[in-house]
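**Q** Single-letter residue listing:
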Amino acid sequence: MSNEKIQEELAKYKASVEKAIARFPERDHLPEQRLYTPLDIKGDDYAEEISFPGVYPYTRGVQPTMYRGRFWTMRMYAGFSTAEESNKRYRYLIESGATGLSCAFDLPTQIGYDSDDPISEGEVGKVGVAIDSLADMEVLFDQIDLGKVSTSMTINAPASVLLAMYIAVAEKQGVAPDQLKGTIQNDILKEYAARGTYIFPPRPSMRLITNIFEYCSQNVPKWNTISISGYHIREAGSTASQEIAFTIADGIAYVEAAIKAGLDVDAFAGRLSFFWNAHNNVLEEVAKFRASRRIWAKIMKERFHAKSPKSMMLRFHTQTAGSMLTAQQPNNNIIRVALQTAAAVMGGTQSLHTNSRDEALALPTEESVMIALRTQQIVAYESGLADVIDPLAGSYYVEAMTDRIEKEAMEYIQKIDDMGGAVAAIEKGYIQKEIQDSAYKWQMDVESGARTIVGVNKFQIEEEPPKNLLRVDASVGEKQVKKLHDMKAKRDNEAVKAALADLKKACQDENENLMPHILAAVKTYATLGEICNVMREVFGEYEAHISL
Amino acid sequence: MEKKIRVLVAKPGLDGHDRGAKVIARALRDAGFEVIYTGLRQTPEQIAEAALQEDVNVVAMSILSGAHPHLFPKVVELVRGKGLTDALIIGGGVIPEGDIPALKEAGVAEVFTPGTNTADVVEFIKNNVKL
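Going down the list, the protein sequences come from chains W and Z.
Start counting the first sequence at 179; every next residue gets the next number (the numbering used here).
Start counting the second sequence at 339; every next residue gets the next number (the numbering used here).
For the record, the hints were derived by calculation from the structure and aren't laboratory data.
Mixed in with the good hints, there may be bad ones.
[Stated by the list, open to error] Some, not all, of what chain W presents toward chain Z, calculated at C-beta under 8 Å: (1) P286; (2) K304; (3) V305; (4) A617; (5) V650; (6) L726.
Don't be surprised by glycine CBs; every beta carbon is placed ideally from N, CA and C.
Build the full structure now, drawing on both the sequences and the hints.
**A** Structure follows, in structure tokens:
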């Protein structure tokens, strides 16, 4: 059918349904048009914009085989209480068929405080596992072969320290650094913008990050040195387009910083990875994943003149949207997570964490985690969604939406470029404000009923408070502090002092790569807090931009 | 003119999740209250001091990290210790139902859990604040 003919038929269709549609004003006010046709994608050039999996601009996926080769890595984010408890949960997950580990650290660890710091009181072991020193890390990975498993660590400001501990544990297991596979999140910009676990100001933080890029390119070549994260930006309330726009803007800032530090783009860019949210709107999410790949490929090729295809491939981890879980009728969350999983898989994720039904209430129980993992396995083995590569390509709607999200994201990226880049945009509070505005709009839409959340503002029921929630024992903090003090009494405190003094000197010399010094310090059992305090002394601390 | 209700929205502890705190702050402001937001990582001492300095009628705390059993009562104690005996102290976040009685016992007037309408928080403050 020619475009003119389609146009004509479309006009007829619209006229014919107008009356019927008008009877449903609630459904008629959705932002998307009702029907998509070839007219909506007539500008798309298949070779240039869509192409084949494993081929630039990677709209259809980064690997040529995608899940016809192997499934995504089923990686469940876990960690709580002490290293002993978390080690048990990790081994349970591996026995249940999880194919990668993902470590959640408690807030003191994420912000570089020891468990006995007064500011840590009440937080030790709560949202993740408490790690004070190499001694805890040894327990955390006890009987887990670091030569075999791939490990993702959600750690940002002190990422260098935790990575150094991981390398040191592996060494004790007899596994060389070049055999290690995994990821550190290491994405400080989104901490300033959305997640909040920053320590140092942007400049020294960017230095630490580029030091890690450089160190790993030479010593830990299979390690993903950063996971540039839109997940938390979305959780903080952004839209889909904002999620990828602000994150890719952060990515641009990291690439620029590394190039400025003298690194060759192809030496580090292949190890950059991304982290996306899988939200409720299935098709919009699929389009978002596809658009993100296309945008990154174009930026790396055209703007940074990368030559290696690996530098242009946007590889990503996905987590289902925690903020979309409801405390009301928590079993409904199983369905939400299944749909979000479908989106992540049809969008071609490299790894996936699925949230548990009870996470709007507390940390998940083992039973809930099992359901969440089984959700991935059912989608992988039973649903057929993983049988064909990029199955939604060619859908008028999905292709048009992929184009729309790319365009919206590029407009934001341009705006951020004009402000002087992501660091400047964050310092001005621009990105934070955009996210807050979207979050507020969402909440007001829910409260006005313009947006329906099942069980929250429609189809509510009277419920008993849920039972069997996971509780982190209140004594965890005391136990952890005792362990820390025992360890400090046993270690060679002179060696610790010398290593910290050496680290301080290295911090003061901008041309020095800090990784070897941090590695030397963790091996003396210097604590995370001690190491971060040395850096705080030299680098200072970040002061947040507060706006409402 | 009627005196405006002054609210301190506070994030005690190390938790960085402030979507809820910011949405609440804005909704309270839109409802005509004077709102001060502390920003992240405030110790209970800092919050009590800010409550005193800003002479607020309400302290609204938000925690999603599970540290509420420790931090909420501590804030209440310190705010009261500063002589703000009438201030209405409320909390919200990812807080299991089972924890709420103990928090109320400790002096938290109401605890708002996920899915709460901001309008309900506004209503609660209007009905319970002492000016």
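**Q** Does each hint fit the structure? Answer for all of them.
**A** Here is how each hint holds up against the structure:
At a threshold of 8 Å, the smallest CB-CB gap from P286(W) to chain Z is about 7 Å, leaving the interface hint in force. The interface hint given for K304(W) holds, since its Cβ lies 4 Å from the closest Cβ of chain Z, which is under the 8 Å cut-off. Residue-level restraint check for V305(W) holds (minimum Cβ-Cβ distance to chain Z is 5 Å; threshold 8 Å). The beta carbon of A617(W) comes within 5 Å of a beta carbon in chain Z, closer than 8 Å, and the hint placing it at the interface holds.
Annotation: interface hint on V650(W) holds; nearest CB of chain Z at approximately 6 Å, less than 8 Å. Because the closest C-beta pair between L726(W) and chain Z is about 5 Å apart, less than 8 Å, the hint holds.
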